Every structure is written in structure tokens, then in C-alpha cells.
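One-letter residues, chain by chain:
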Amino acid sequence: MPSAVFRIWRTGETGGAFRDYSVDLVPGMVVLDAVHRIQATQAPDLAVRWNCKAGKCGSCSAEINGNPRLMCMTRLSTLPLDQPVTVEPMRAFPPIKDLVTDVSWNFKVKKTITPFTPRPADAPDGTWRMQQADVDRVQEFRKCIECFLCQDVCHVLRDHKMHDRFIGPRFFAHTAALEMNPIDSANRVPALKQQHGIGYCNITRCCTKVCPEHITITENAIIPLKERVVDEFYDPVTRLLRVFRS
Amino acid sequence: MQIETFEYDVLVIGAGGAGLRAALEASAAGVSVGLICKSLLGKAHTVMAEGGVAAALANVDDRDSWKVHFADTMRGGQYVNNWRMAELHAKEAPDRVRELEAWGAVFDRTADGRILQRNFGGHRYPRLAHVGDRTGLELIRTLQDQGVHRGMDVHMEFTVVRVLTSGGRASGVVGYERERGRFKLFKAAAIVLATGGAGRAYRITSNSWEGTGDGHSLAYQAGAELMDMEFIQFHPTGMIWPPSVQGILVTEGVRGEGGVLLNSQGRRFMFDSIPENYRSQTATDEDEGWRYTQGDKSARRPPELLTRDHVARCIMREVKEGRGSPRGGVFLDIAWIKSRLPNAEEHIKRKLPSMYHQFKELADIDITKEPMEVGPTTHYIMGGVRVDADTQMSTVPGLFAAGECAAGINGANRLGGNSLSDLLVFGKRAGEYAAEFAKANKRVAVGEADVNAATEDALKPFEHAQSGGENPYAIQSALQDMMQSLVGIVRTETEMQKALAELKALRARAAQASVTGHREYNPGWHTALDLRHLLTVSEAITRSAIERKESRGGHFRDDYPEKAAEFGTFNIVTRKAPDGSMEVRRVPLPPMPAELKQIIEDQE
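Top to bottom, those sequences are chains A and B. Adding 110 to a residue's 1-based position in the first sequence gives its number in our numbering. Adding 1 to a residue's 1-based position in the second sequence gives its number in our numbering.
This list has only true hints and no planted wrong ones.
Below 20 angstroms or equal to it, Euclidean Cα-Cα: the simulated PhoX-like pairs (lysine-lysine) are:
#, chain 1, residue 1, chain 2, residue 2
1, B, Lys350, A, Lys253
2, B, Lys350, B, Lys370
3, A, Lys253, B, Lys352
4, A, Lys303, A, Lys221
Quick list of the computed label-pair ranges, beta carbon to beta carbon:
#, chain 1, residue 1, chain 2, residue 2, range
5, B, Thr495, A, Gly176, 49 to 59 angstroms
6, B, Leu342, A, Gly122, 50 to 60 angstroms
7, B, Arg318, A, Gln152, 33 to 43 angstroms
Everything labelled a hint here was simulated from the structure, so no lab data went into it. As the structure is a computational prediction, the values presented were derived from the model and not from experiment. For glycine and all other residues, C-beta sits at the position ideal for the given N, C-alpha and C.
Sequences are here, hints too, so could you generate the full structure?
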């Protein structure tokens, strides 16, 4: 039976290091299968998050050969197996153990975004009327499985550690889903500019590239939101009006 | 031992759809609420639900009503459902769906801008509100985003090891947080179990690692009763190739959109065996079936949309009789619709995006061009904690259960789409009545000795490491193989008696399970503790299945292949006897009011 070597990040008392494990290959195998195999036979305490194993829950995010990926959707047939496959945790978040990181910051950030605020219902039975064409773009963002790979790859967070003033691509997509919802009535544009730091994004498109749900985060969410910020705060006519009003 | 302690009026265990909905409702009632999740928030198994949520909104077909939904649910469950739960479910589901929209869910739309509904197995009219094939994600995200703004405390990656009782009442829970491996005590006036299913007792399953029957087993150990445990739903269409994806679900939505099941001879074998009680509702030819999936109100549904238990057995038959696909399943073909529809490829990608994605990435199959290979997979357990229909309280005062871990609504077989509506309707009710219970009844004291006993017991796998105990993964794997082969889709007395003997042996092995390493984020430890739940649930399934000497819904016996009227008059209930053994008894079905009987007759 053919086998491959997996070079997996393990943490111990004194920090972390890669350890090599050899795994027998089975047709159609994904990286998460290999990790499970190692867990069941060689390292029962190997820590890894996973749930659905079908790319729907966004739990098994990791960096495979340096690329942010879902382990359950990365087939071994797409990787060069003549050399070890490296599997390490998302590096933009504090490590907990082995492949598991502390992603709690994301849950805190979400709480700071004004929740869905619907306008009064359109019909007496408390329902709204929306056209499919008008909700298509919202549904694209709502495909997000919160794997946080976009947060992991974003240099504003990963390299510049601006977690206190920048909410990251995941939450721009979340904000866009709310702002573009045809029946939402709140305005999140001032917060985008001030507390949520959308200006720090210089549209390098890394988030869009790694999104396992193929959400076009940069073009469809971030850029339109940036345009709204510009319209509201930097449009010369509106600015002038604001001066007069104050 | 001093351990960190939290106190709540209502404590909810499980943060899938039912748990979140219960926590929301309890919060709205003004009591303090704690919510425990085994994984991160938003990752629960609800996220996997694909097809939709069943509710008689009548947006697509105005002939639909709660009465039709009620009758469909009872017929699908082969009339051993709790009629009151089926009634409440059918009546309240539409409001539960509409309120999701008010909380930000964005469903697919009809041409006039209302919530779109799709066809599904066993539902007479198009009834499933949906978002493509990722409805569960929409539902859980909507509830989660509402929840975090309602002031409930969320404890993520926390595993409950015991539900405590004092003087016969639920008083709290003991468990540990995974990150540091530290024990915590939660005291609560009311506890809601919303822990989902137990599919991990089987080798081939659509369930994630979390589906280990925790709530079933915790309730059982705390003195509550389990009901209908023999009824397991084997979903007819799971992926079968490649081996690493075996069991992953292929939504019934594929068949709802016109997908057909074919054997190796290219025959639509579902036309060969249409049960008598569904004949008048089923299409007589392929053309009528196709027209039904495209919304023709004068057409009847294709046989692929018969109930899941029946379709799964037909697939097994084809395979057994040598007409299966090369890898031991049958073919599911949606690509054929290109002969009927212009832009079929775009249509499939739009209606079934995650199925397209799943097959493309995991199996190198383009479902818009070629058929899928599918076979049955353990998907859902109809059985669960026996609860009061209106309040969802178990036989232990203060202990509630909702969603998959509760029994009653589904009877012998659940209709697709009825689980998302179940968890909304009864999640809400559990939260509401748990809050009411907490307001009327103060917390009862937790026995310190019980807490110590629970933590000591949970640490035993570490002690066994010194004495050289067994790897818990190996025991779990042996259990899964045993249940799959001896208490699977087709059952016999001899095999199930053998299963009981094997369970005894596995229990002895599990008692010696050992773990290496320390307590911090240790999946081996977790697996050792999960094993106990899986063993309890497996025993309840096996004993109940032995007791039901007939075939009905998700329970099929080769030695009693027919349905027996006598067995349609009671449910099978298990509970822990005073000597610690599992007691099995037959409990008569509550009598159904005449007006509901009439509704069922009218819908025949």
C-alpha cells in the first residue's frame, strides 16, 4: 500500500515543532483523513477541530504546505506526495494546542456589528416581499461557513496585528450581507469607517483567493462598502452640506 | 474538590438549532440562560441540513395547510408518532419560519417575492422553505447571530459528563472545558437537552463526531425514559465513493429537483415497488413525475420521493439482487434533466450548489454531466428522550429535551424537512416551558458527593494509562462495525441477540479505555468518554429493536418482514431499572381525538 509522510505541528511544554507521521493511502483521501488516521493509531492526543467533514461547517481550517485550507476539502491527489505534507495551525490566531487555535476574537468582533434591523413588515401577516434578484448578492455572503481562513491570510491581521481596529474580511462580508439586505434599515457605514477600520484594507484579494466557499469578498463586499464610506464621508457635495448643517 | 461553578435559571446543552432556539426563547422570557456547546458556536450538526424546513406556508401551492402537513407526518411515521406533537408541529412551523425571516434569514423567493418552497419526500405539496441546499447553515447562523445579542452566556467547546439530580429533580451538570481540561459545575433550575443524534454508533453515517447520543445517555442515566429507540433513519442517498467520503449526505433535494434513481440496467427501479398506501399519490409514469417536480399541480410525485425508509430498502434490494452500481450502490442522476430543460447545467448549479461543489471536489464527478453513485447512510434517530408533548419536559422534573434527542414527533420514520421545523417548534417550546419551570421552582442543591463522583469517573481513562488499557479509538471502531452489521438496516433476532453479547464485551473493554497525554484539548480522552454514551444508546437501540417483532418505518426485520397491527398500538420505552439494568416496556399510544383521526381519513 502506498504511503505518504505528514509533517504535523505538535505543541509541547516548550513550544511547538513539526513531527513526521507516515500514513497508508486510501483512494480519495483528504488531509483530514490522514490526520484522523494518525490520531487513531499513532497520536491519540493530537488536537484538531473538525465537524462535518464535507466543507460545510468551517471547523478544520489549517495551513497545508503553507496554504490556508480546509483539511476536509484538500485531497491528497492535489498535493505532491513525494515530499512531506506540512500541516500547521492558522498562524494569525493564538495557538491552543497542535492544530487548534484560539479564534474567540472573531466571536467578540461580531458582537460589535449592529445586528439585523428589519423595516416594518410589508404584509399584514408579518412577512416581507423580496425579489430573488435582490437577495442573490446577500445570499452569496451568507454562504460563509466562518472558517476564518480569510482572517488568517489577511496581512492587516496576520502581519500588522491590528485586531483592535480592523474587523477583517469575514466581518466585512457579514456587514455587507446586512447592509445589502433589502429589508434592513440600519446604517453601519460610520462604524465601518471609524471602529471597523475598512480603510486599512488595500484590496490585495488574498481573502477572496482562499475562501473555500468561493465568495468574492473583495469585489462584492469590501469594495462596495468602501464606496459607501466614500459616498457618506468624502463626497465633496455631502461634505459641504455637512459643513453648512453644523 | 473546589471547581468553578456557574448558576443559571435555564441551562441549555447543545447549540444546534434546537438548543439555540430554546436559549433564545428562555432569554426572551427574562430568565438567566447558559448555553453549552460541544464545538464552537455555529458548527453544530444543524449546519449540515441541506434541503429545507417543512412548514405549510402554502406559498407555492395554496392547497397546503397544517392539516395536510399533520397527516403527511403521521403517515410518514406509520402512525406511532405522538399525535399531539405532530399537531403542534404542523400548526406552529409556519410562524417559526416567518420569524426566522424577521431575524435576518434570507430564503429563496417565489416570483411574487415570498418564501419559496420545494418538493420533498413524503410531503404532498411543495413545503420546504430553503436556501439552495444550505438551509441548515442559514438557520443556525440566523439563530446564532440573534442569540449573541440577547445576553445569553455561551460556553464553547465544553463537554457535559453527567446530569445531576437531587430528590428526583434535575439540579445541574458537571463537565469539562476542552481547552484546559478543567471541570466546571453548572447549577440550574431547569435544563434543556438539545444534543442531537447518535449516528456515530454506526460505521457509515452522515453524522459528525459529535453525534454520540450524549443527551440520550445523560437523560437515561439521570432516570429519564427513552422511547422509539429502534427507529433509526438510514438516509437512502449517502456518498459511497471514494472511501474517505463514505456516508456523507446527498440531499433529497436532488430528487426534489427531478433527480432519478437508476440501477445498473438503467432502470428507474422505484417505479417497481410503490406501497399501497402511497399509490394514489404517486405518479404512474416518468413524464408525470417530471411535471410534478416542475410545479405542475395536476401531477403526482415521482416514486423517488417516497419516504426515506422505503427508498433506502429499495436501494438495498437492487444491490442485493445484483443490479447495483460498480461500487455497491445505485445511480442518482440529475444530469438527465438537460433533455427537458434549457440551461440545465446552470439550473443544477443554482439549485444544488453545495452538491455540485461536494462531488466536484471530493469525487471528481460533475453532477451536471454524469450520475452520482449513492447508498444508504445512518442519518437520524427518531427515538429519544420521552417528553410531554406540550412542554417537552421529560419524566425527570426540570429536565427538558428538544430536537433530535427527543422522541415523539417522527414516529417510525421522519419526513425530510421535518427535523428543521421540529427543532424550531419544540426548541421554542422547551425554552418557554423551561423558563416557566425555573420561575416557579427554585434551584435545588447539588450534592457535593455526586460532583466528586462524576469528576473521578471522568478521569478514570488517565489512570488506566498506567495499567496499559486499550486505545478508545479501537473500541469505538469495533462498536461501529458491530452495530452496522448486526443492528443495521435489516435486522434479525439472532443477530441482535449476538449484538447484546458483543455490547457486554465492548462495555468491559470501554471500562478499561486509556488515554495518553494530558487533559488539555485531548481528543483521545473525549473519545473514551463518548464511548459510554454510544454504548448506552446502542444497547437501547438493540433492546428496543428486539422487542418490536414487526417491520415499520426505519425498523426492518428480516424475520418479521410485515407490519403488524398489534405493534401499531404502543411505543417501546427503555429506562434504567433500580438494579442498573436496562428495562424495556410497551407503553400504549395516547388515544387520538376524533377530529384529528378525521383529518387523517380525509387526506387518505
